[in-house]
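All chains should be modelled from the sequences, with the hints used to inform the complete structure.
Residue numbers (the numbering used here), protein chains in the order written: chain A, 1 to 84; chain B, 1 to 84; chain C, 1 to 146; chain D, 1 to 146.
Among the clues, some could well be false.
Derived contacts from chain A toward chain D, CB cut-off under 8 Å, selection only [claimed, not checked]:
#, residue
1, A12
2, F62
3, P79
Selected chain C positions facing chain D (in silico; Cβ < 8 Å) [to be verified]:
#, residue
4, G20
5, V28
6, R35
7, R100
Quick caveat, the hints were computed from the structure, so don't treat them as lab data. By construction, the Cβ of each residue, glycine as well, lies at the ideal position given by its N, Cα and C atoms.
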Amino acid sequence: MEPLRVHLLLFALYRDLAGASELELEVPRGATAALAVERLRARGGGLERLPAAPLVAVNREFAPLSTPLRDGDELALLPPLAGG
Amino acid sequence: MEPLRVHLLLFALYRDLAGASELELEVPRGATAALAVERLRARGGGLERLPAAPLVAVNREFAPLSTPLRDGDELALLPPLAGG
Amino acid sequence: MRAWITRDPIEPSRVLEGVGGAGNGATVLFLGHVRDRNAGRPVAGMLYDAYLEMAERVLDDIAAAAARRLGTDDVAVVHRIGELTVGEVSVAIAVSSPHRAEAFAICREVIEEIKERLPVWKEEHYVEGPPAWLGGRTPAPEGAGE
Amino acid sequence: MRAWITRDPIEPSRVLEGVGGAGNGATVLFLGHVRDRNAGRPVAGMLYDAYLEMAERVLDDIAAAAARRLGTDDVAVVHRIGELTVGEVSVAIAVSSPHRAEAFAICREVIEEIKERLPVWKEEHYVEGPPAWLGGRTPAPEGAGE
Numbered sequence: 001m002e003p004l005r006v007h008l009l010l011f012a013l014y015r016d017l018a019g020a021s022e023l024e025l026e027v028p029r030g031a032t033a034a035l036a037v038e039r040l041r042a043r044g045g046g047l048e049r050l051p052a053a054p055l056v057a058v059n060r061e062f063a064p065l066s067t068p069l070r071d072g073d074e075l076a077l078l079p080p081l082a083g084g
Numbered sequence: 001m002e003p004l005r006v007h008l009l010l011f012a013l014y015r016d017l018a019g020a021s022e023l024e025l026e027v028p029r030g031a032t033a034a035l036a037v038e039r040l041r042a043r044g045g046g047l048e049r050l051p052a053a054p055l056v057a058v059n060r061e062f063a064p065l066s067t068p069l070r071d072g073d074e075l076a077l078l079p080p081l082a083g084g
Numbered sequence: 001m002r003a004w005i006t007r008d009p010i011e012p013s014r015v016l017e018g019v020g021g022a023g024n025g026a027t028v029l030f031l032g033h034v035r036d037r038n039a040g041r042p043v044a045g046m047l048y049d050a051y052l053e054m055a056e057r058v059l060d061d062i063a064a065a066a067a068r069r070l071g072t073d074d075v076a077v078v079h080r081i082g083e084l085t086v087g088e089v090s091v092a093i094a095v096s097s098p099h100r101a102e103a104f105a106i107c108r109e110v111i112e113e114i115k116e117r118l119p120v121w122k123e124e125h126y127v128e129g130p131p132a133w134l135g136g137r138t139p140a141p142e143g144a145g146e
Numbered sequence: 001m002r003a004w005i006t007r008d009p010i011e012p013s014r015v016l017e018g019v020g021g022a023g024n025g026a027t028v029l030f031l032g033h034v035r036d037r038n039a040g041r042p043v044a045g046m047l048y049d050a051y052l053e054m055a056e057r058v059l060d061d062i063a064a065a066a067a068r069r070l071g072t073d074d075v076a077v078v079h080r081i082g083e084l085t086v087g088e089v090s091v092a093i094a095v096s097s098p099h100r101a102e103a104f105a106i107c108r109e110v111i112e113e114i115k116e117r118l119p120v121w122k123e124e125h126y127v128e129g130p131p132a133w134l135g136g137r138t139p140a141p142e143g144a145g146e
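Written out as structure tokens, the structure reads:
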């Protein structure tokens with residue numbers, strides 16, 4: 001089966017830790033957001049500094065890490081929020 | 001003994017009831033604000049419509065009706081306050 | 001700290017100019033307006049009367065007490081008198097503070113104090129029928145005896 | 001009801017234009033500013049970063065919920081992003097209501113919701129030394145699971 005392609009977004013502290021603001025990631029069908037984060041961190045090169053269980057949004061909605069991903073999803077890793 | 005001269009001020013509803021915004025009043029030495037109000041109401045001509053125990057200010061400070069008056073005092077009769 | 005009474009329309013931006021020092025993270029502005037109805041009755045406008053000399057002093061006292069609580073000068077308050085039409089601003093209060101909880105609390109306290117202690121009265125003018133002075137508050141004996 | 005995110009300086013008077021219908025007796029405006037120090041350390045400015053597309057939607061949701069509670073459209077909220085200097089306004093919220101208690105309460109709720117749910121981050125720039133991203137909040141599981 002074709003893997004899923006996920007569009008990954010990183011903001012603020014996480015962007016600085018990763019040295020990137022956008023990444024394309026391939027994960028197996030049936031993968032959850034948690035698995036995508038795990039694969040991302042396994043790439044190394046600074047990405048291992050991202051937390052294992054960050055706050056995430058899937059397609060611009062806060063979502064639990066257990067959310068299953070679909071092909072083309074936008075997965076954002078969000079540092080603790082600090083608006084205002 | 002000379003009576004006290006008191007400068008009396010009326011506002012809002014009380015001014016309308018009394019048909020006047022300022023009055024000069026003579027009261028005996030030792031008179032309180034309460035006595036001044038009593039003498040004022042006794043003049044009639046609409047003044048009897050003023051309440052017997054209004055909120056008062058003596059020289060621009062809220063004051064109990066038992067406050068003794070001095071010659072030249074400014075005594076204001078204040079309807080219930082409605083600022084804002 | 002600024003407190004004043006005016007016959008002219010109140011400009012919120014001018015009130016905000018009186019607050020907001022660089023140590024503050026929060027500003028709260030309160031505006032009171034003339035409403036278009038009261039108890040279901042259509043209102044055309046409001047006439048504000050004041051014991052001007054006393055009202056100026058009381059308003060100054062209220063602002064000074066708020067500034068003491070803040071520990072800074074970042075309080076501005078203005079009350080309008082005379083004839084106002086629907087929607088116009090009758091009172092404006094601006095408070096700045098390092099933190100928002102205090103800015104909200106002190107701004108709210110100032111408007112409550114104004115309603116409790118300021119020698120101002122209002123006559124409501126209706127779309128139909130004669131105007132009426134609105135009922136108000138009598139300060140508690142502690143306040144009256146101060 | 002208006003909610004927007006901007007890179008330009010926030011004009012409080014423009015935010016107030018979005019509220020204040022004739023049925024309202026009270027308007028409360030909240031402004032958040034960049035402070036000149038944090039935890040005793042002199043601050044030069046603040047960089048606001050956002051997940052823009054999501055932040056616009058969340059801000060709209062927050063304003064819409066406030067408008068539903070008010071029963072009117074008299075809510076306006078704007079958040080600024082980009083580089084701000086000390087004293088500049090980062091967020092402004094205006095709420096009008098027939099009565100002041102509700103205007104204060106809902107304005108306060110909107111700023112708390114923004115701090116709780118808006119995907120915005122800030123990097124504090126100091127007079128001396130490297131900048132730092134400020135710690136923030138993680139929405140409760142209910143919020144995260146919505």
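Find the hints from earlier in the document that the structure breaks and name them by number, from lowest to highest. none
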